[in-house]
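Asks: Given next are the chains, with one letter for each unit.
4 protein chains.
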Amino acid sequence: MHHKASRKQIDTVIAAVRTMGLKAKPIPGSQRTAIGVLGNKGYIDDLSIRDLPGVKEVIHVTKPYKMVSRDFHPKGTVIKVANIEIGAGKRPIVIADLLRGGAFKPRTGPHTFQGLEREGLRLLSLAKKRSGLPIVTEVMTPENVALVEEHADVLQVGARNMQNFDLLKELGRIRKPVLLKRGMSATIEEFLAAAEYIYAEGNPHVILCERGIRTFETATRNSLDLSVIPLINELSHLPVIIDPSHATGKRSLVPPMSKAALVAGAHGIMVEVHPEPDKALSDGPQSLSIEGFGEMMKEIKSLISFLGFDR
Amino acid sequence: MHHKASRKQIDTVIAAVRTMGLKAKPIPGSQRTAIGVLGNKGYIDDLSIRDLPGVKEVIHVTKPYKMVSRDFHPKGTVIKVANIEIGAGKRPIVIADLLRGGAFKPRTGPHTFQGLEREGLRLLSLAKKRSGLPIVTEVMTPENVALVEEHADVLQVGARNMQNFDLLKELGRIRKPVLLKRGMSATIEEFLAAAEYIYAEGNPHVILCERGIRTFETATRNSLDLSVIPLINELSHLPVIIDPSHATGKRSLVPPMSKAALVAGAHGIMVEVHPEPDKALSDGPQSLSIEGFGEMMKEIKSLISFLGFDR
Amino acid sequence: MHHKASRKQIDTVIAAVRTMGLKAKPIPGSQRTAIGVLGNKGYIDDLSIRDLPGVKEVIHVTKPYKMVSRDFHPKGTVIKVANIEIGAGKRPIVIADLLRGGAFKPRTGPHTFQGLEREGLRLLSLAKKRSGLPIVTEVMTPENVALVEEHADVLQVGARNMQNFDLLKELGRIRKPVLLKRGMSATIEEFLAAAEYIYAEGNPHVILCERGIRTFETATRNSLDLSVIPLINELSHLPVIIDPSHATGKRSLVPPMSKAALVAGAHGIMVEVHPEPDKALSDGPQSLSIEGFGEMMKEIKSLISFLGFDR
Amino acid sequence: MHHKASRKQIDTVIAAVRTMGLKAKPIPGSQRTAIGVLGNKGYIDDLSIRDLPGVKEVIHVTKPYKMVSRDFHPKGTVIKVANIEIGAGKRPIVIADLLRGGAFKPRTGPHTFQGLEREGLRLLSLAKKRSGLPIVTEVMTPENVALVEEHADVLQVGARNMQNFDLLKELGRIRKPVLLKRGMSATIEEFLAAAEYIYAEGNPHVILCERGIRTFETATRNSLDLSVIPLINELSHLPVIIDPSHATGKRSLVPPMSKAALVAGAHGIMVEVHPEPDKALSDGPQSLSIEGFGEMMKEIKSLISFLGFDR
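Chains as they are written, first to last, in this note's numbering: chain D, 1 to 311; chain Z, 1 to 311; chain S, 1 to 311; chain B, 1 to 311.
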């Protein structure tokens with residue numbers, strides 16, 4: 001709609017879309033309102049809409065995602081977690097282990113430790129109270145979304161669940177931010193379409209996270225695909241962060257890849273830190289020591305200043 | 001345990017395992033009972049078990065799957081669906097569209113047709129009543145397992161949900177057969193570990209299904225990995241079937257790949273058939289016409305006879 | 001050209017093509033002659049050709065290969081090696097180690113045994129004299145083509161050299177058959193385009209060989225892509241054989257995959273055999289023993305009879 | 001050897017290695033000389049070497065590369081091209097099209113423009129004379145190495161030829177720098193082993209170039225694997241540069257990925273520039289305009305200063 005379109009004009013367009021048997025979702029922006037037309041199975045004749053008063057243009061979107069695309073929302077989305085802002089022009093964030101913990105853990109086999117579950121959530125809440133830090137934790141099934149939402153500041157969807165569509169829909173019904181990890185062999189289009197599931201259901205607070213894709217290379221655990229950062233920044237308005245620890249599986253690669261990600265336009269990084277990486281029950285080889293993390297943060301702060309973000 | 005081990009000897013071993021703080025799961029076979037020892041985080045000293053009366057041998061399994069492995073269950077598992085038997089030395093089955101239908105459909109984007117859901121299940125039940133054919137249909141979330149179980153003869157887990165562990169666990173609590181599709185980039189080890197989730201929870205009726213893996217090749221939709229058939233037959237006692245329609249995405253490749261799969265040792269194939277493939281709402285290019293299906297079946301029947309199965 | 005087109009009509013078309021600044025290559029078939037038009041950088045206006053006497057139809061080919069495509073040569077090519085015929089409706093061949101040996105060996109690192117080179121060729125010739133069997137051996141560089149041609153019955157291009165275009169062109173200038181292995185991550189289109197390099201230079205005796213593609217899977221050395229067999233049979237007239245030993249890297253998978261390949265339409269298989277696989281200097285785990293090979297051959301002979309080929 | 005080891009001590013060790021039937025290659029460094037022991041097929045008993053006078057330590061290398069590894073040459077190699085230095089602590093270089101041109105071009109199919117060959121080299125020489133800029137150009141076959149060496153300042157090996165071992169060996173016999181591009185699906189180990197072929201033959205002037213690997217992703221042409229930069233910097237002393245134009249295939253991704261590469265530790269970048277990208281005969285969509293290149297260079301210069309290199 002034109003930026004001067006009136007409330008009544010917007011309602012008229014919405015009504016016209018519904019008359020066509022389709023859904024209309026108004027998406028208010030800072031300057032103007034877009035109206036998402038959903039539910040069509042093919043090309044729609046826009047004759048009855050495009051000349052209505054207040055309509056600026058009709059954009060036909062053939063991608064499997066619409067609401068998360070830049071076309072619909074040219075300005076980048078900023079997501080609030082406690083008093084931190086993530087996305088668009090905001091200072092990039094660093095999510096270290098202090099903030100993160102797995103109460104429910106996705107494990108390849110059923111005979112491995114599956115997380116402390118409810119007790120884990122209780123401990124995370126306690127940690128939050130003591131540290132004052134917000135909590136990111138994974139949710140694996142729709143029926144636990146409400147429970148996890150009570151304790152977490154950000155709900156994480158793991159790579160294996162990127163296309164667990166019922167989980168995504170359930171997360172679309174809450175208001176807390178969701179951190180959506182890219183599937184191991186998901187294309188960018190599938191990744192954004194997964195985000196669209198959450199967004200279309202009503203929750204616009206989606207943070208995307210690249211965590212490496214599966215390739216033939218065996219020297220690193222996965223292949224960190226940094227080119228998705230500028231690509232997502234072109235295609236979508238959602239913030240994108242990087243997990244170099246899981247992606248590379250090697251501690252020494254975490255600092256250079258973290259810095260590279262920020263320069264490429266990432267809105268944050270998420271790294272594993274452990275007081276004694278060699279004694280960690282899992283993921284030791286990829287975890288930074290407290291000291292190593294401190295050194296990396298010095299460099300990152302300097303880089304962030306150079307890139308033009310305050311303090 | 002020795003094949004002559006008494007019930008009491010088995011119970012003594014189970015008790016000894018539990019004393020060690022571990023779980024013991026008896027797995028009765030046709031000739032002897034195996035006892036799965038689960039819950040350990042590393043190598044276990046078997047000193048207190050291996051010399052107990054009735055113990056034949058202690059096998060240390062380092063894989064993320066145990067109960068679905070051949071080591072535990074040397075004889076192939078046969079799964080009953082209505083009056084059909086799948087697996088081991090049984091005549092390979094052919095699952096065509098008459099038997100299969102999607103009430104819940106996993107779609108890349110949220111704005112595409114998501115299936116008829118409950119109404120779809122009702123229609124499938126009706127189709128079953130009229131045709132007398134058993135039904136295979138997909139379930140996507142733990143909370144729908146009970147509902148789908150009421151209508152379906154086989155519950156399918158799609159490739160995107162292969163590591164939806166809560167769904168797998170829920171399917172482990174029912175008694176109906178589960179058709180588990182391999183994830184798009186799942187290794188064989190991860191595939192069998194996913195089956196182990198269902199099996200370990202109590203449901204041994206798991207059918208594995210290879211449906212192509214994701215590679216760089218663009219001439220076929222996915223790359224059908226037939227070498228997993230003999231590999232799974234070595235590593236696991238579960239039956240394995242092939243879906244050449246989804247794997248290749250090309251109708252003309254379905255008959256040769258179906259026959260190749262059977263020769264390689266597959267326990268069945270699952271193919272798309274459509275009365276008018278060119279008018280199909282989805283998956284037309286990969287669907288056989290009724291006529292094409294008939295021609296393929298003639299060849300397959302002849303091949304199955306050659307391979308030594310009765311009509 | 002029409003099957004009744006005269007020599008003069010053919011020459012007139014060739015001349016007309018050349019007048020357009022393009023190359024014309026007559027490709028005689030069993031029933032009619034095709035004329036390949038090469039050298040164009042984009043779409044050509046066929047106005048001056050299509051109505052010439054004797055012209056049946058003008059087919060525009062946009063693929064990077066033309067002469068090896070079915071469009072140009074609907075009947076399958078049969079290639080003669082000594083008194084053996086490979087391709088089209090001929091009985092599938094089995095290339096075992098008796099026939100094959102590496103004088104020049106492509107090795108990942110320079111410090112590993114690189115083959116006996118000239119001395120190796122001499123030994124192969126000797127082996128041929130004693131056994132009466134034709135020889136397949138690899139050539140790695142254009143300047144050795146003439147030398148290898150003297151000794152070999154079939155010259156092999158390894159996967160690493162599939163796009164060594166100067167080597168391919170040099171092989172296009174000889175008359176002996178070339179066995180072209182698919183590159184580790186070559187698409188089918190690139191594979192056929194590589195064959196086109198040999199064919200277009202003048203040597204039509206090209207045998208294609210699928211040897212597994214590189215994927216994320218680690219349980220097999222490569223992922224044997226059997227769906228390329230029916231796909232190549234659709235797209236090209238060249239024979240295609242399979243190398244299940246290198247593809248899988250596992251002896252036990254060789255017999256089932258060999259049989260599957262033949263059922264899918266392969267014109268032959270190429271397997272590693274070793275008198276004492278456990279003592280082999282290289283590739284032991286994938287080599288069949290003499291006994292194992294014998295058992296497989298019994299099954300293969302029976303399968304070949306079933307498929308309708310004589311003895 | 002100890003840094004104080006005498007020439008005689010070094011010779012004694014070399015002789016001792018040869019007595020064992022192995023090759024010994026002295027590798028002089030800035031502080032001390034390493035002696036590469038080559039030609040062994042397995043573990044060597046180092047008893048007769050390790051206690052010789054002047055020997056500091058014996059390192060057993062099991063990788064397929066030795067001479068290009070950091071173990072042998074802890075200090076990074078610096079390569080001179082005209083008056084430019086590449087590698088180690090030197091200011092990163094930018095190779096734009098002004099410097100680069102293809103006289104021999106590797107093309108998927110034989111019917112596409114194959115380069116101007118000799119005439120192309122002549123034109124490149126002319127361009128060099130006029131511009132004063134050094135030339136990088138590709139060589140595809142051993143027999144053209146001498147010819148290309150006459151005209152080029154750096155000889156490039158394309159991704160398709162990374163394992164063309166005869167070409168690599170021939171390039172090992174010249175003294176001009178070689179730019180070795182990573183194969184489309186080459187592991188890091190294979191990449192370094194390919195460099196070892198050149199190095200072991202006598203030419204230590206090898207520059208490695210990452211140009212994207214082949215994966216399932218279709219939004220970018222290849223997947224640029226930036227984590228190889230810190231990984232190569234750990235494993236090898238050779239300089240590594242990045243080609244974001246070919247890797248991504250998208251102009252807009254070139255500036256962010258170039259900057260990310262430099263922050264990750266790349267010794268240079270290589271980008272496509274074209275005066276009129278939309279009219280380029282090939283690779284237009286990935287080429288920067290002169291203006292776009294200028295803007296990127298401003299940012300890169302600023303970044304290079306921040307990273308601590310002089311103008």
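Please keep in mind that the hints were generated in silico from the structure rather than gathered at the bench. Any given hint might turn out to be false.
Identical chains blur together in the list; that is why a pair holds if it fits in one copy or across any two.
Stated by the list, open to error - Derived lysine to any residue pairs resembling SDA-like cross-links, with alpha carbons at most 20 Å apart:
#1 K63 - K250
#2 K23 - T112
#3 K129 - F113
#4 K169 - R118
#5 K169 - D51
Here the structure is a predicted model, which is why all the values come from computation and not from measurement.
Asks: Between the shortest in-copy and the shortest cross-copy C-alpha distance, which are at most 20 Å for K23 and T112: within, between, both, or neither?
Replies: between (45 Å within a copy, 12 Å between copies)
Asks: Since the copies are identical, ignore which copy is meant and state whether K169 and D51 lie within 20 Å (CA to CA) inside a copy, between copies, both or neither.
Replies: Classified as neither: same-chain Cα gap 34 Å, cross-chain 54 Å, threshold 20 Å.
Asks: Between the shortest in-copy and the shortest cross-copy C-alpha distance, which are at most 20 Å for K169 and R118: within, between, both, or neither?
Replies: Answer is between; shortest inter-copy Cα gap is 17 Å, intra-copy 22 Å.
Asks: Using 20 Å as the alpha carbon limit, work out where K63 and K250 are close: within a copy, between copies, both or neither.
Replies: Result: close only across copies, 19 Å inter versus 36 Å intra.
Asks: Is it within, between, both, or neither for K129 and F113, if the alpha carbons may be no more than 20 Å apart?
Replies: neither (26 Å within a copy, 44 Å between copies)
The structure does not agree with the numbered hints 3, 5 stated previously, though it agrees with the rest.
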